[in-house]
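**Student:** Please build the complex by placing chain B on the supplied structure of chain A, with the hints as guidance.
From first to last, the protein sequence lines stand for chains A and B. Going by the working numbering, the first residue of the first sequence is number 3, and it counts up by one from there. Going by the working numbering, the first residue of the second sequence is number 3, and it counts up by one from there.
There's no promise every hint is true.
Each pair may be met inside one copy or between any two copies, as identical chains are not told apart.
SDA-like cross-link-like pairs, simulated, lysine to any residue; straight-line CA separation at most 20 Å [what the hints assert, rightly or not]:
1. K241 x S416
2. K497 x G211
3. K519 x N5
4. K6 x Y543
5. K146 x P55
6. K403 x D376
7. K241 x D376
8. K403 x N338
9. K36 x Y186
10. K17 x F532
11. K346 x D368
12. K36 x P55
13. K241 x A386
14. K241 x E328
15. K346 x D367
16. K490 x G102
No lab work stands behind these hints, which were simulated from the structure alone.
Take a look at the letters that make up each chain.
Protein chains: 2
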Amino acid sequence: MINKNALATARSSYKPKLPGVLCGNSPIRTSSLKQDGDTEIRALFPMTYDMAPVTFEGDAQTPGTSSPLRIGVILSGGPAPGGHNVIAGLFDAIKQIHSGSTVFGFLNGPDGLLKNKGIELDATTIDRFRNTGGFDIIGSGRTKLESEEDFQKSLATASAQNLTGLVVIGGDDSNSNASKLAEYAKAQGASICIVGVPKTIDGDLKGGGIETSFGFDTACKVYSSLIGNIQRDAISARKYWHFIKLMGRSASHIALECALQTQPNITIISEEVSSRKLTLREIVDGIADTIAYRAANGEQFGSVLIPEGLIEFVPEMGNLISELNELLAAHGEAFNGLSSLPQKREFVSAKLSSPAAALYRNLPDDIANQLILDRDPHGNVQVARIDTQRLLIDLVEAQLKEMKAAGTFKGSFSPLPHYFGYEGRCAAPSNFDADYTYTLGFTAALLLRERLTGYIAAVGGLTRPASEWVAGGIPLARMMNLERRHGKMVPVIKKALVELDSPTFLEFANNRDTWAKSSCYIFAGPIQYFGPSEVCDQTAYTLQLEHAAQAAHSLT
Amino acid sequence: MINKNALATARSSYKPKLPGVLCGNSPIRTSSLKQDGDTEIRALFPMTYDMAPVTFEGDAQTPGTSSPLRIGVILSGGPAPGGHNVIAGLFDAIKQIHSGSTVFGFLNGPDGLLKNKGIELDATTIDRFRNTGGFDIIGSGRTKLESEEDFQKSLATASAQNLTGLVVIGGDDSNSNASKLAEYAKAQGASICIVGVPKTIDGDLKGGGIETSFGFDTACKVYSSLIGNIQRDAISARKYWHFIKLMGRSASHIALECALQTQPNITIISEEVSSRKLTLREIVDGIADTIAYRAANGEQFGSVLIPEGLIEFVPEMGNLISELNELLAAHGEAFNGLSSLPQKREFVSAKLSSPAAALYRNLPDDIANQLILDRDPHGNVQVARIDTQRLLIDLVEAQLKEMKAAGTFKGSFSPLPHYFGYEGRCAAPSNFDADYTYTLGFTAALLLRERLTGYIAAVGGLTRPASEWVAGGIPLARMMNLERRHGKMVPVIKKALVELDSPTFLEFANNRDTWAKSSCYIFAGPIQYFGPSEVCDQTAYTLQLEHAAQAAHSLT
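Extracted from the complex, chain A is given alone in its bound form:
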């Protein structure tokens, strides 16, 4: 049972905007095939590497096929706003292609495909979920399709369900695996076509024709709304420093985008920390200096944005975590036999290298405990569980105490920790994400109509009005890179980290000193669905700045 309030009811009738090229019969146009590329990757994907990108055109020719499609769909990994609209777009498109087409939703992620567990998605169900957040229409899951056995089971299910196509809605890993499954299926002579859709709030699945992943826009707007409210509180109460950790497993795109939307006093970008090889101490010194500077100006308040993945990007912390992972794997039994936490901490301290041990001993107790207690099923430290915001508060507090004793800080420091993540992953999509996801789903259906496999749906020109967007597909194998995983080289889609020469980072870097010293907060406000276009349809700054830089570049 799902109950809707007035907003949800009003919003359910929103008609996502489709690009003009998808409003006709949308015949396909194939780009010229590039014969260059990576020989190693080509060797791994002989069936699906030498394919060309395709785009759809809006004129009214006869479509490629008019037989019914039967498409399976999977939601994979962490939820992102707009997932339901991908499925709605897919549904509307296949019904338009042939009224006898059907969509079968696999339950709880790839696991549903392996076990052939799913439900038929009919018009009533689809209508109930239009423009809503969440992945609850069929649930999501983190099972990975990796082994040949997984692929065999997947094809068996596809065959049992008579699927003509499968849409995998997921992040870099899920799309990498979709690519491998497509390659495997084609090599086996299976008729099923497999198409991916770029999803992740983290914003790190982009490049090579993918302009942004869906959900990033909405999640950043939700977080920015909260950061704005907190900053208004900071400047009203004038006595708190807010340390705000933001979700985003590795890359700092979310923190960077939120910084541009809200202009906080301090934003830490993990990629810069890594590139400049900053120590924890140097990060803390930088924060403390800004706090002291502002206090001297009578502003004993402020905001600090911290990307969730930071810890692993601090080289000395990254080393410590690697050493802990290896050490606990090697001595797990002896470690687990110890009864008290201080004993456990002493046990690992004694086995760490000297610099790692020194760092570990200097960490606040609760963080030192989290590092050895919160481990995932593989025994690794769960970095996302570390309260980095509290770690930084503790260390900054200690540093300010020293500065106070030395006379370089005269003021008080009242810190408050926050962590935003689950508040944004399942928000109802912004107009942008509602339109973008619907178009992605629609595009995926057209790719499957064309019997294309091993492609990812790609929608471009995203800073232009939706009517002018372009839509097509990119061969997934062409997005692959070889990376070392668990000791061997495997083909994966590379996570797009924040580039320190990107226009987004430079915009931030050019302004951050001003934002640190004076309080020029932007109070972003909540996502609006019904207002003026400049309020409701604005895309993320990251996208705007990247497009502006590309346009400038193409002019020169």
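**Tutor:** Positioned in the frame of chain A, the structure of chain B alone reads:
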């Protein structure tokens, strides 16, 4: 420097709706004076007790005065959405009364009045803050005006500033003190008139003609939006139990209103815990049983709302905290001399009564530490700092472990803690709060035009369209009760706690079993400013249900 994005710019031109009765010259109508009342309170307020409520009428007679007003204004205590619009309404009204009227804003709360620190608020400044959240136009503060010395200083400032009136925007305490200052001023023959405005997100300043305090509506909508997003995440990821603590110092109005807006699985209401004399163990058992029930149905996820003030309402915890406060006051030096936390915990345990010591020893370490470390300047435990959400998680986890061993819980439990407070106090006001606060400020000005003192601005009929609202004033002294504070009886406005026979609580109580067992979450969505009226102008359920019950009652 304040920067506005497109939403803030669009929103700044919103024209708050005024009731029809305030659109004309609004002559005043005085109700008949009640001669009954509390003799003790009357004795304490001889100058301002025997005054009658007043209302304004909309016909076009000559207003009471047309000489310029000079009004001081104070923002007191924690911020609440709409404070800036109170000042905007005040400003527009006094300019309408006489174009030579002026508003002087005291900086950082009552402290600015004591020290005569403030700024002239001109039209440019006011325009910059229309419809925005926060109290940053002049800042707020928690200084209390309590002593005769405070009152003398206040009158000296009023005289130095040539104030004809003073508006105190605050909660129960600030309005109690405004009442005392008004009484004092009148007794001294000072000409200044003092008027209060009911502010607090907690929703506990109501009754006696005040239907709700401003800010409650917006704050509850912000929290409900976040709770809705988290619940959508819960039902999508299907593996987390979210424990969400909500701001609200004492009363549970916020938790109750958010429960009605979002239909979470479990909501704890402090007043019920107190009334039923529940132990921590009983609360934990209740939560664990629901978790086990849902797990048995394949739903290993859920949501729990926890009011911030809960701890003090659990009788045994309230006792423990009182004992700790007394003990630490008596033995502070010996306690502070101890170096380690375990020593400190042992020290207090040995001095607590036997039941309190047993409870204290069973608390998780971090909570036991918080109880003795985080104390306010008076040496009292800072209840708001206690991570009740983490305390409950720890205790529920332990209980589920026992149930698992006993075979009564078969499932896994992944809890996540959240705390929402600062996210809502300074949000831009909802349409309701924008209109309500503007009308309150406008009303305060008219009361001061009439040279009324010791009144609180009162706007009623709030579930009807704003055009039909009534507006007037209620004598503050009539809202007083005698309460024991620091060992003596003092007159204060009584905090309105959640009544267990109120229509709001009954609505919740009638539905909570269903909400606990099945997942019938409402995903509230963000506050909308531009959409259909049923989306943008809906008032809080608390207000709707109270008005419906009153209407039903008046029919019988």
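**Student:** Hint by hint, note whether the structure agrees.
**Tutor:** Here's how the hints hold up against the structure:
no., hint, verdict
1, K241 x S416, "within (6 Å within a copy, 34 Å between copies)"
2, K497 x G211, "within (14 Å within a copy, 60 Å between copies)"
3, K519 x N5, "between (47 Å within a copy, 15 Å between copies)"
4, K6 x Y543, "between (32 Å within a copy, 15 Å between copies)"
5, K146 x P55, "neither (26 Å within a copy, 70 Å between copies)"
6, K403 x D376, "between (30 Å within a copy, 18 Å between copies)"
7, K241 x D376, "between (33 Å within a copy, 17 Å between copies)"
8, K403 x N338, "between (37 Å within a copy, 18 Å between copies)"
9, K36 x Y186, "neither (22 Å within a copy, 88 Å between copies)"
10, K17 x F532, "both (12 Å within a copy, 18 Å between copies)"
11, K346 x D368, "both (13 Å within a copy, 18 Å between copies)"
12, K36 x P55, "within (9 Å within a copy, 83 Å between copies)"
13, K241 x A386, "between (29 Å within a copy, 16 Å between copies)"
14, K241 x E328, "neither (43 Å within a copy, 28 Å between copies)"
15, K346 x D367, "both (12 Å within a copy, 17 Å between copies)"
16, K490 x G102, "neither (46 Å within a copy, 80 Å between copies)"
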